[in-house]
Amino acid sequence: MALRLPNAADLRAALIAAGLTTVLTIPILGIDITVVGINARLSSDLGAPLIAVAAVFVARLLHAPLAAALGGFGALRLLPSAERMAGYRRPVLLVLIAILLLWPFATSRGAVDIATLALIYVMLGLGLNIVVGFAGLLDLGYVAFYAVGAYSYALLTDYFGLSFWTCLPIAGLLAAAFGCALGFPVLRLRGDYLAIVTLGFGEIIRLLLNNLDSLTGGPDGIGNIPKPTLFGLEFNRRASEGYTPFHEFFGIPYDGGQKVIFLYLLAALLVLVTLYAINRLIRMPMGRAWEALREDEIAARSLGLNPTSIKLSAFTLGATFAGFAGCFFAARQGFINPESFTFIESAIVLAIVVLGGMGSQMGVILAAVALTVLPELARQFEEYRMLIFGLVMVLMMIWRPQGLLPARRVRVELP
Amino acid sequence: MAGLLEVEALGMRFGGLVAVDGVSLQVNSGEVVSIIGPNGAGKTTVFNCISGFYRPTSGQVRLQGELIAGLPSHRVARKGLVRTFQNVRLFRNMTVVENLLVAQHTRTDTNLFSGLLKLPRFRRLEAEALERAALWLRLVGLRELANREAGYLAYGQQRRLEIARCMVTGPRLLLLDEPAAGLNPRETAELDQLILQLRTEHGVSVLLIEHDMKLVMAISDRIVVIDHGRPLATGTPEQIRRDPAVIKAYLGEA
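Going down the list, the sequences are from chains A and B.
Note that our numbering gives residue 50 to position 50 of the first sequence, counting from 1, and the numbers run on in steps of one.
Note that our numbering gives residue 1222 to position 222 of the second sequence, counting from 1, and the numbers run on in steps of one.
There's no promise every hint is true.
Claimed, not checked - Derived coverage of chain B by chain A (criterion: at least 3 residues anywhere in the stretch with Cβ under 8 Å from a Cβ of chain A; other residues may be distant):
| no. | region |
| --- | --- |
| 1 | 1090-1101 |
| 2 | 1131-1139 |
Claimed, not checked - Per label pair, the in silico range of CB-to-CB distance:
| no. | chain 1 | residue 1 | chain 2 | residue 2 | range |
| --- | --- | --- | --- | --- | --- |
| 3 | A | Thr166 | B | Leu1117 | 19 to 25 Å |
| 4 | B | Asn1039 | A | Arg190 | 28 to 34 Å |
| 5 | B | Asn1093 | A | Arg385 | 35 to 41 Å |
| 6 | A | Phe160 | B | Gly1065 | 54 to 60 Å |
| 7 | A | Leu102 | B | Asn1093 | 34 to 40 Å |
Hints are computed from structural coordinates only; laboratory data are not their basis.
It should be emphasised that the depicted structure is a prediction, and the values quoted were computed from it without experimental measurement.
Note that CB positions come from ideal geometry on N, CA and C, so glycine has one too.
Looking at chain B on its own, in the form it has when it is part of the complex (with noise of 0.2 Å):
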C-alpha cells in the first residue's frame, strides 16, 4: 500500500556535517507516527527537509506518490503538508483570530479587485474563514481569546492555537515539533486527546517529533527512532521498547 508520505534513504549534509543520513519512514493516512531520538539526534533537521526548509542532499520524499523534496516550503504547505515548530512561532502582534486567517491565505479570495469592491465572491469567502477561525478556536479551546492579541497567551495556549492555525489550512499531514515541549501533565494530556482528534474527527494523518514517552507511546501507531542521525529503529510502541538497541541509546550499556 502507497503511503500518504514516503521518506527514502533521506540525507542531509551542511559541509562536512552529516546531520541525517540514510532515513526512511512512511506515514499512512490517518496514523500518527512519532519519531523519537537523542537531542541532536537530527530529528528537527528531517522535519524541515519534509516541510521544504531544506532541500535533502540525498534520498527522496513524496507526499500521496508525489515528490516534494526540495519544493520551496510554501509549495509543500499548499500540497497539505504543515507543520508546527519546536519554538513556536505565531504572528504575535496579530489577534488570535488574525493568526488563523493569514493560514487561510490560500482558501480566501486574494484578488486584488474582488477585495477593493468587496465583490459577493470575496465577502463569502471571508465569512467561511472566520466561521472555520471560530470552530477551530472552540476545538482547541481558545474561543474566548479570540481577540487578543497572540504574544499574550500562555505558552500551553500558544502551542494549541499554532495546531489549530496548521488545521485551518486544511491540511492531509501534519508535522508537530515537539508539540508538549513545556506543558505541564494537565496540557500534555489534553495534547494527547486533541490529536487523536485530530485525527480520528479530521482525518489529519500526524507525524510527531516528540520526547515525552509517555504521550509517544500512547498514541503512536508507529515509531521511528534515530540516533546520530541514522535510523536505529522502526516499530510499534511495543517493539520500540523493548527493542535493545533503542534501550542501549536511550539508557547508556548497561
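Chain A extracted, bound-state conformation (with noise of 0.2 Å):
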C-alpha cells in the first residue's frame, strides 16, 4: 500500500478547512468566561482551537492520499456487505434471539437495566424507520407519540386506575391518532416542509404536557406508576390491594433483581412483536406501497395508489411503535415529566436510524444498542459524549454513508 504524497489540492482543501475550524472553534472553544465576583470576565484560551485546527487539517491533508491507497473507504470491509450476509441471516438471527432471551440470567442487574433502555430506543428506531427508512417522510419530532404513549399511560392509570396491558394497546391506539391527526395536513408538504413542521409538532406537544398542569401535573410529572404486572402478579416485596407479589405465588425469596428482568424480558417481547410487524409489513402490499411512492410518487399516483392514505399509513403505524414504547418506557420509569421527550430524544432515535442505515432492521437495532450502550461504557468521558458522537457521524459520514448495515431489499421474487 503506497501513500502518495499530499498535492496541491489536497493542500488547498485542508487549508480551507483548517480556516473552517479556525471560524467555528475560536468563539466556543477559545473564549472562557470566568466569573468573578458579580462580574463576568472574558479571557481568551487559545490552545484548544490550536488542537483542532491542527487535527482537522492533518485529517483533511490526509484524507484524499489515504482513500487512495485504500482504493477508497468503502472498500474498507470492517462491516460485513448486505450480499455477504444474506446467506447467514437465519442463524445469526437465532443466536441474536438466544443472547437476548438469555442476557438477563447471565449478567448482572446494572447490564439488564442498561440492556433494558437500550431495547426502548429499538423499538423506537424501528418504528421512526417505518417513517423515514421505508416511506421516506423525514419526522424529526418522532418523540411527540413517545410522549403521547408514556402519557397514555401514566394518566389513564391515575385517573381511572387502569393496568399496563389496557393501557398498552390504548397507548398504541392513541399515539396512532395523534400520528394521523397531525399526519393529515401535513404530508402534503414535502422533504424539508415537513422536517419542519413535525419539529415544531414534536415540541408543541411537550409544552403542552409542560403547561397543562391540572391534567399532566406540568414540569413536575406524574409519579407512582405502577409496575406491569404478570397475569396478575406483582414485582413488589408487599403487593398492593387485590395483587399476590410473585415471590410468594412461587413460594421463592423476594428479591428486587427479578422485577428488572421481568421488565427487560417484557421489553423484549415488545421489540420482538415490533419486528414480526415490521417484517409482515414490508412484505404487504402497504410496504410495497410505501417503497413505490418513495421511488416515484407520479407513477404511484397514476396507477390508482392514493399518496395521501399511505404516507399516512406510514406515519400513523411508526406513530404507534412509538406510543407502545412510551408506555412501556412510563411503566418502567414509575415517573415520567415532559423531559423525558425533548427534541433531543427525536434527534438520538433519527441518529440510530440513519446511523444504522435506513430501511434496515438490523443496522437500526445494531446502532440502538451502540447509542444507548456505548454512552454507559463510556461514562468518564461524560463531558466528550457529543464531540465523540459528531466525530463518528463526520467518519460515518466518509467511511460508510449508508449506514451501519445497508439495507437489503425485501424481494417478492417469481420462480
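These two chains come separately, so use the hints to put the complex back together.
Written out as C-alpha cells, the structure is:
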C-alpha cells in the first residue's frame, strides 16, 4: 500500500477546512467566561482551538491520499456487506434471539437495566424506520408520539386505575390517532417542510404537557406509575390491595432483580412483536406502496395509489410503535415528566436510524444498542460525549454513508 | 352512441399561456384512437388533463358518462383509466414483478390485520396478484426477467413493462404517451402487435400519442390532429392522410 504525498489540491482543501475550523472553534473553545464576584470576565485561551485546527488540517490533508491508497474508504470491509450477510441470515437471527432472551440470566442487574433502555430505543428506532426508512418521510418530532404513549399510560392509570396491559393497546391507538391527526394536514408537504412542521409538532406536545398543569402535573410530571404485572402477579415485596407478589406465589425469596428481569423480558417481547409486525408490513401491499411512493410518486398515483392515505399509514404505524414504547417507558420509570421528551430524543432516534442504515432493521438494532450502551460504558468521558458523537458521524459520512448495515431490499421473486 | 371516453372543448391555460384550447375527442369501446401533432402542440397536456394530473381550466371529460375532470389522478386510475409516461416511469429499484404487484395495490387485500396475520383472503389475493403478474410478463415477453431490477432492463423492455404494469390494474382505457419513442423498427413492429392484441383479446380501448406515422396509420381507428393546442382535424387514417390542413401543418406551406 503506497501512500502518495499530498498534492496541491489536498493542501488547498486542508487549508480551507482548517480556516473553517478556526472560525467555528475560536468563539466556542477559545473564549472562557470566568465569573469573578458579580462580574463575568472573558479570557481567551487559544490552546484548544489550535489543537482542533491542527487535527482538522492533518486529517483533511491525508484524506485523499489515504482514500486512494485504500481504494476508497467504502472498500474497507470492517463490517460485512449486505450481500455477504444474506446467507447467514437465519442462524445469525437465532443466535441473536437466544442472546436476547438469555442476557438477563447471565449478567448483572445494571447490565440488564441498560439493556432494557437499549430495547426501548430499538423499538423507537424500528418505528421511526418505517417513516424515514421505508416511506422516506423525514420526521423530526417522533418523540411526540413517544410522549403520547407514556402519558396515556400515566394518566389512564392515575385517573382511572387502568392496568398496564389495558393501557398498552390504548397507548398505541392514541399515538396512532395523534399520528393520523398530525399527518393528515402536513403530509402534503415535502422534504424539508415536513421536517420543520414535525419538529414544531414535537415541541407543541412537550409544551402542552408542560403547561397543562391541571391534567398532566406540568413540569412536576406524574409519579407512582405502577409497574406491569405478570398475569396479576406483582413484582413488589408487598403487593397492593388485591394482588399477589410474584415471589410469594412461587414460594421463592424476594429479590429486587426479579422485577428488572421481568421488565427486560417484557421489553424483549415488545421488540420481537415489533420486528414481526414490521417484517410482515414490508411484505404487504402497504409496504410495497411505501417503497413505490418513495421511488416515484407520479407513477404510483397513475396506478391508483392514493399518496395521502399511504403516507398517512406509514406515519400512523410509526407513531403506534412509539406509543407502545412510551407506555413501556412510563411503566419502567415509574415517573415521567416533559423533560424526557425533548427534541434531543427525536434527534437520537433519528441518528439511530441514519447510523444503522435507513430501511435496515438489523442496522437500526445495532445502532440503537451502540448509541445507548456506549455512553454508559464511557461514563468517564461524559464531557466528550457529544464530541465523540460528532466525530463518529463525520467518520460515517466518509466511510459508510449508507449506514452500519445498509438495507437489503426484501424482494418478491417469481420462480 | 355514448363513447367510453368523451372529451368536450377541453382547455388548459398556465397563466397567460394557452396550452390546449377547445380540444374534443371521443374514444368508443374497443377503439384505438391516436393524437398526433407537432412537438409542443399540447398532446401530453391533453393526456395530463384526462388522467387527472392537471385540472383542466375549461371543458369536460367523461368516462362512461361520468364526469372525471378535476378528480385526483389516483381516483381516475381506479375508474379504469391508466396511462404510461413519455419518459418511462418505473419503480427502478424494485424488481420487474414487484412493479406489477404495486400496480395491483387496489386489487390486493390492503387490510392491515389480514396482512399481519396472513389470513386466507390475503394469501389468496396475493397469489392471484402474482399469477396475474406472471401472465402479463409472459404476454409482453419479460417472463425471464421477472426477478431483475426494473432499472436494469433495456429501454424497449422498460416500455413493455410499463404497459404490462398498466394492464394488471385491469383498465378499460389505456393512455399511451409515445410508446414507440426510442424503439428500433423491430421493437416498434412488436409494439404494434401488442397494442392490437390488447384491444382484441383483452377488450381495452387505447388512446395513443405517437410520432411514428407508420405505427399510427397502421393501428388507429381514428386520428385526432392537434396543432398549437387547437384541434386541426379528426378522422380515419385515410381522411387524415389527405387533409390539406394537416399536410400544411406537417410539411409547411408549399
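For each hint, the structure was consulted:
1. As drawn, the region 1090-1101 of chain B meets chain A at 9 residues by the rule of a beta-carbon pair under 8 Å; at three or more, the given contact holds.
2. Counting residues of the region 1131-1139 of chain B whose CB lies closer than 8 Å to any CB of chain A gives 3, which reaches the minimum of 3, so the coverage claim holds.
3. With their beta carbons about 22 Å apart, threonine 166(A) and leucine 1117(B) fall inside the hinted range of 19 to 25 Å.
4. Taken as a hint, the range 28 to 34 Å holds for the pair asparagine 1039(B) and arginine 190(A), whose Cβ atoms sit roughly 31 Å apart.
5. Between asparagine 1093(B) and arginine 385(A) the Cβ separation comes to about 37 Å, which falls inside the hinted range of 35 to 41 Å.
6. For the pair phenylalanine 160(A) and glycine 1065(B), the supplied restraint of 54 to 60 Å holds, since their beta-carbon distance comes to about 55 Å.
7. Checking the proposed 34 to 40 Å range against leucine 102(A) and asparagine 1093(B) shows it holds: the Cβ atoms sit about 38 Å from each other.
This entry satisfies every hint, going by the numbered hints stated previously.
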